[in-house]
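A.B. asks: If you want the building blocks of each chain, they are given just below.
2 protein chains.
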Amino acid sequence: MITSSQNHRVKLVRGLLGRAKERREAGAFVAEGVRLVEEAARANWSMKFVLYDESLSERGMQTVKLLTSLGVETEQVTAQVMDSLSDTETAQGILAVLAFSELPYSPAADFILIPDQVRDPGNLGTLLRSADAAGASLVLIPPGTTDPFSPKVVRAGMGAHFRLPLRSMTWDEIRQFRTTPASGRILLADMQGASCWETDLRQPLTLIIGGEAEGASPQARALASQSICIPMAGGSESLNAAVAGSVLMFEIMRQRKGK
Amino acid sequence: MITSSQNHRVKLVRGLLGRAKERREAGAFVAEGVRLVEEAARANWSMKFVLYDESLSERGMQTVKLLTSLGVETEQVTAQVMDSLSDTETAQGILAVLAFSELPYSPAADFILIPDQVRDPGNLGTLLRSADAAGASLVLIPPGTTDPFSPKVVRAGMGAHFRLPLRSMTWDEIRQFRTTPASGRILLADMQGASCWETDLRQPLTLIIGGEAEGASPQARALASQSICIPMAGGSESLNAAVAGSVLMFEIMRQRKGK
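These protein sequence lines map, in sequence, to chains X and U. For the first sequence, numbering that gives the first Met the number 0 begins at 0 and goes up steadily by one. For the second sequence, numbering that gives the first Met the number 0 begins at 0 and goes up steadily by one.
Think of the hints as simulated: they come from the structure by calculation, not from any bench. Careful: at least some of the hints might be erroneous.
With a cut-off of at most 27 Å between alpha-carbon atoms, the simulated DSS-like pairs for lysine-lysine come out as follows [stated by the list, open to error]: (1) X/Lys10 / X/Lys151; (2) X/Lys258 / U/Lys20; (3) U/Lys64 / U/Lys47; (4) X/Lys47 / X/Lys20; (5) X/Lys258 / U/Lys47; (6) U/Lys20 / U/Lys10; (7) U/Lys10 / U/Lys64; (8) U/Lys151 / U/Lys10; (9) U/Lys256 / X/Lys256; (10) X/Lys20 / X/Lys10; (11) X/Lys256 / X/Lys151; (12) U/Lys258 / X/Lys256; (13) X/Lys151 / U/Lys151; (14) U/Lys256 / U/Lys151; (15) X/Lys47 / X/Lys64.
Which chain U residues stay away from chain X? Per the calculated CB distances, all over 12 Å, these [as the list claims (entries may be wrong)]: (16) Gln5; (17) Arg18; (18) Gly26; (19) Leu55; (20) Gln61; (21) Gly70; (22) Thr73; (23) Ala78; (24) Trp170; (25) Arg174; (26) Arg177; (27) Ser182; (28) Gln191; (29) Gln225.
Predicted model only: the values in this text are computed from it and were never measured. No residue lacks a Cβ here, since even glycine has one placed at the ideal position from N, Cα and C.
Model the full assembly from the supplied sequences, consistent with the hints where possible.
C.D. replies: Quick look at the structure:
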């Protein structure tokens, strides 16, 4: 049982819950809570270790046992140590330290999402969760978007991180990446664009969603070949960035299903 | 200039930023930030008073001048007093205390939203913002959903509060309200429902969206005549509640526009 907040694993977790730089240097990130650890286990995600405390539920203990039997190092910590670590108000008594690892994507990826200048971790996580549910094939994270492996993004992503390929790229890399023949159009979500209901979204495409505060970057605007919007009623001027992205992604799914 | 945090107006604002009970008793709520105060002014919303500090932008000062000329009491406070009040990390140096006031709704309201057991203020505010943008006619707030006039909900609503009629009701009242002839079907968003793309949503309807943690209440389930879902790809099991509600509301709008 780990009782000291100066234990090297505890210190590592504290670092990983903090800045992106710490995560990059350690090549790892943290998933908190029973459900996320279960999702990581189900996805066979490479785990460095798991910490839990006495408050862990029966269901959570089952996961700990399963992971131990699979060779993952699991260690109990005191409730105090866990409290000092948890990023949430309603800690669930378990967290896993996961290795950075890139899910493969198909070279024929025909539905790519670029969340651009999305600074709010909750919004980015929600976008990833929706992208996963709407059948996106790949997400490219440009500079200026918040770190997709921060605890809040991972939590709001609800397991999307373990199913949906993500790549962090510079705009130059994105431009290069996107010159493959099959990559299709690049669409920018924009108030001034054509109605998404009157745009054919069935062919391969990349969708850029700008952040709430500043919208899309000049680089994103330069890259996009076309803009689309969600028509709106009344006096409202915009939608939450995660909502706008989600509505557009499910419209893509609807059209591709021929509904 | 108000310099004391014991000033009666400052104390009132502090109360209104806190519990729902304080807002009910005072019959008032708070809108923070230049944009929200502008939206309230544009909607001709009844204002009790406005507080601002020296950090207020030029644009914000124009609004203060306009409101003063319209007879609203505006008072400068010290930056310290404002800091002690603001609920946000990035205060914008202005807040308005607004009277509770019920926007009228059409008796022919044909698109009613019921956010049920939505506990997260950000999610409720985002749902209101989307409902406004998707042309909903009325929102009914049942018991168990977070107070729509808390500062976080008002902020996430981005002005929806000033355009979209809201009513807090018990389930008995909702049942009664909904027995008017023109009120149409009651649809519950539910994973087990029929695809929203294969359900005709053009006729009058009420849409119930359950909260993230517990879903919809037994009362909501008893009231609903039909369930609809958003089809999902891959291993994902659910969407963020605000996202699910928004995708469904824009699907209603799409169908009604004949797209």
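A.B. asks: List in ascending order the numbers of the hints, as given earlier, that are violated by the structure.
C.D. replies: Failing hints, ascending: 2, 5, 11 and 14.
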